[in-house]
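Here the protein sequences line up with chains A, B and C, keeping their order.
1 is the number of the first residue of the first sequence in my numbering; add one for each residue after it.
296 is the number of the first residue of the second sequence in my numbering; add one for each residue after it.
572 is the number of the first residue of the third sequence in my numbering; add one for each residue after it.
Simulated from the structure, these hints should not be mistaken for lab results.
Since we're looking at a predicted model, the values are computed, not measured.
Heads up, none of these hints are tricks.
Which residues of chain C face chain A? A few of them, derived with a C-beta cut under 10 Å, are: (1) LEU590; (2) LEU605; (3) THR607; (4) ALA608; (5) LEU610; (6) ILE680; (7) VAL697; (8) VAL711; (9) LEU718; (10) ARG777; (11) TRP778; (12) PHE805; (13) LEU809; (14) LEU836; (15) GLY841; (16) LEU865.
Beyond 10 Å from chain B on every Cβ pair, some chain C residues (computed): (17) ARG594; (18) LEU609; (19) GLU649; (20) ALA666; (21) ILE674; (22) HIS728; (23) THR730; (24) PRO791; (25) PHE826.
Backbone N, C-alpha and C fix where the C-beta goes; we use that ideal spot for every residue, glycine too.
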Amino acid sequence: MMSAKQADRLATAGLYAVAGVILALLAGLLGYVFVKGFPMLSWQFITSPPQIFKGGGGVGPQLFNSFYLLVLTLVFSLPVALGAGIYLAEYAKDNWLTRSIRISVEVLSSLPSIVVGLFGFLFFVIYMGWGFSIISGALALSVFNLPLLVRVVEQSIQSVPRTQREAGWALGFSKWETITNIVLPAALPGLITGIILAAGRVFGEAAALIYTAGMSTPALDFTDWNPLSPVSPLNPFRPAETMAVHIWKINGEGIMPDASAISDGAAALLILSILLFNLSARFVGRFVFKKMSAS
Amino acid sequence: MQTVAVPSRVLSSQTHVTALTGPELTRPKLETDRLSVFYGDHQAVSDVCLTFKKNTVTALIGPSGCGKSTFLRALNRMNDSIEGCRMAGEIRYDGIELQSRQVNVLEVRKQIGMVFQRPVPFAKSIYKNVAYGPIRHGVKKKKELDRIVEDSLRKAALWDEVKDFLHQSALRLSGGQQQRLCIARALAMQPDVLLLDEPASALDPVSTAKIEELIGQLKKEITIIIVTHNMQQARRISDETAYFYMGRMVEHGPTEQIFSNPRSEQTRQYISGQIG
Amino acid sequence: MAKLVKETEHPLFKKSSKLRTERFGKGLTFAAVLLTALLTAAIFFLVISKGLSTFFVNGGSVKEFFTGSTWNPGQKHEGGSPIIGALPFLTGSLAVTGLSALICTPLAIGAALFMSEISPKAGRKVMQPVIELLVGIPSVVYGFIGLSVVVPLLRDHVTGSGFGIAAGTIVLSVMILPTVTSLALDAIQAVPRSLREASLALGSTRWQMIYKVILKTAKPGLLMAVIFGMARAFGEALAVQMVIGNASVIPHSLFEPASTLTSILTMGMGYTVLGTAENNALWTLALILLLMSLAFTIAVRWIGRGKPQ
Chain A
1 MMSAKQADRL ATAGLYAVAG VILALLAGLL GYVFVKGFPM LSWQFITSPP QIFKGGGGVG
61 PQLFNSFYLL VLTLVFSLPV ALGAGIYLAE YAKDNWLTRS IRISVEVLSS LPSIVVGLFG
121 FLFFVIYMGW GFSIISGALA LSVFNLPLLV RVVEQSIQSV PRTQREAGWA LGFSKWETIT
181 NIVLPAALPG LITGIILAAG RVFGEAAALI YTAGMSTPAL DFTDWNPLSP VSPLNPFRPA
241 ETMAVHIWKI NGEGIMPDAS AISDGAAALL ILSILLFNLS ARFVGRFVFK KMSAS
Chain B
296 MQTVAVPSRV LSSQTHVTAL TGPELTRPKL ETDRLSVFYG DHQAVSDVCL TFKKNTVTAL
356 IGPSGCGKST FLRALNRMND SIEGCRMAGE IRYDGIELQS RQVNVLEVRK QIGMVFQRPV
416 PFAKSIYKNV AYGPIRHGVK KKKELDRIVE DSLRKAALWD EVKDFLHQSA LRLSGGQQQR
476 LCIARALAMQ PDVLLLDEPA SALDPVSTAK IEELIGQLKK EITIIIVTHN MQQARRISDE
536 TAYFYMGRMV EHGPTEQIFS NPRSEQTRQY ISGQIG
Chain C
572 MAKLVKETEH PLFKKSSKLR TERFGKGLTF AAVLLTALLT AAIFFLVISK GLSTFFVNGG
632 SVKEFFTGST WNPGQKHEGG SPIIGALPFL TGSLAVTGLS ALICTPLAIG AALFMSEISP
692 KAGRKVMQPV IELLVGIPSV VYGFIGLSVV VPLLRDHVTG SGFGIAAGTI VLSVMILPTV
752 TSLALDAIQA VPRSLREASL ALGSTRWQMI YKVILKTAKP GLLMAVIFGM ARAFGEALAV
812 QMVIGNASVI PHSLFEPAST LTSILTMGMG YTVLGTAENN ALWTLALILL LMSLAFTIAV
872 RWIGRGKPQ
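Kindly produce the complete structure, drawing on both the sequences and the hints.
In structure tokens form, the structure reads like this:
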């Protein structure tokens, strides 16, 4: 039989070991991706289009698609999420309607992304007739992103003390005016941090996209910025494969000789972008707060 | 919040004409008639009848939880925003029933300003903090705004301390300065009545003294109602005092009389420190 | 002199446009919240109606779906009903989910305890950022690393092709570990200080305090964290699909190719035509995914029902 003291020491050592394992895991993951991927990263790699049968291709269009889809997704989901978050935080009374709405948002947020993707496939791609396109992909990603953003908005609004609202009401502001002029600006730093983190999640999402934005990218002319032109990168009705989808696809069916090296490079690029999102989430929020309170 | 019993004299007020003559000046600026406030089933304020004269400072005193703050917050209908809060009785401002349906609650809060226990500056610059109210209520000209900001800050005795960095964050001011900024912000709306909810309880003695001095200045122009825990403060700054206990108003009268010779035994015990 | 003022001219009766914008704003935000709720309803409606058509339109057997082990919805039985034995995928999904929860739970709770009880400083400064970063790594990257590290490792050092439930489990447990850890940390940190101090004051060692007080008090929260992780594992598509081997047979070992609901769905949806029995059968798999995620959500709510939000 072990004494209590011995058990304590043993457990402590065990917990240290667990923490060590996790740190090692991350170091391993990052190390692996970066060690193998960094040598791939070159200007040529991140700007040129992929090759199908031979090596030396890049991920230029995929990188562009990832950002373009992200921007459109935010354009679609942010206004709705702002509205819904404001309503839930400020107006919703505690009744059956609010409760059922809350549950439905929670259920939406827990749906597997592949299910959201299939819904997008059925609704946007088939019923609306938009085919595998950026618009279908962005809308599917919006559905995927919406519940998370709603929670971000609701929580950052709720973190603004009630006294700020009362101070607004005491000046004769209406509730809406107080929300838009006082509460939202005060919530902005938290809001921005949350939005950027959500954006990181959207950026790396693939399952919701393979049947909505598609798994291919047509030849693009990066000098043609007319959104209606079929070769324009901005055309919302063209299919668009993102970085994440590209990694998945070339590992499944890529026939170029350097598929694994391309994946290494793309994975490194993806994680690098996510790192940037995480870092900027911290700094932009703080910066905005400083900027805002002094104007 | 539902409004209870709209009195008939207000409903007929469309045609009602009042003469602003001699007696009009002595008419109370603000009065309550059997005002009760309920939170759900709990009655926080019971049947309070009080009058507040123009250019006077009235102190509301009483132990914690006696309903004085709730009463104060009823006066500008701040309680409207609390779910499950209900009022009965009347509040009359210039003789107008404030809970009447025709009354615009936003205008009520413009006319009856409020400053809270803790300073609540907005996360904006000092200038914006003061100018924001007027801007949102339609003042557009920069010159006019500058004038209002300077005026209000002067009245709040803050101008000299902040005039050189009006465009810096208000959050960088000290607690006492922030509270005076909040007073300036309320004054920028040019209210007739100012409600102060323990405005100095979170401040150091020097800041407290400044705020008290300020109240003495302000009463020349407006009516002030202040909730305070500090008996000396009530005595120093108020003209009239009302003592609250368990949601009821026990005694109301000139401050000197309340403190030197209260009619009620309860009031005497509270003032002498026997009731917490 | 007597100045006559109509009472209605008193500023208090002023009508302001603010009240109109107030109604507008409230209406607009309500529309947004309604849209969000309607989206959920629309997804449920579409997936349920498509998923059920296997049984109602194509005449598939519910019993066969849950117990049959042959999946070939393009072909028909003699009676005309499609061959839809989904047991291999159901087993595959449940196996990877259950096993990865089994691996992940002790690690996650251990890490959370380390961050909260053993070394809060290292926890905050080192572990927290590490975990936040891990949460953000896209699942495809986990799948890709699984494919290029875990699968060859299993192939060379254990047995078989490397693809299979074992590879899927490893990838998923690493993938859900950060999420479960940070939720477990929340649960542990919610245990009141006073309980810890009371226990220590009674002469408990730190481990006794952790074991008897913290883990006991935080149990519902920890359970929620694990279920949340399982929901993610169950619904993950690509990372699993890349390493599991995608063979639609009931696996007899952890190291043989198998498949999950999500992997079959991912593979098949592009190769079937909408409206055919083959395609409808895939939607039935999606329906199972939907219902399982609903069940996980209900479980989390049910466990957390006593806790204030």
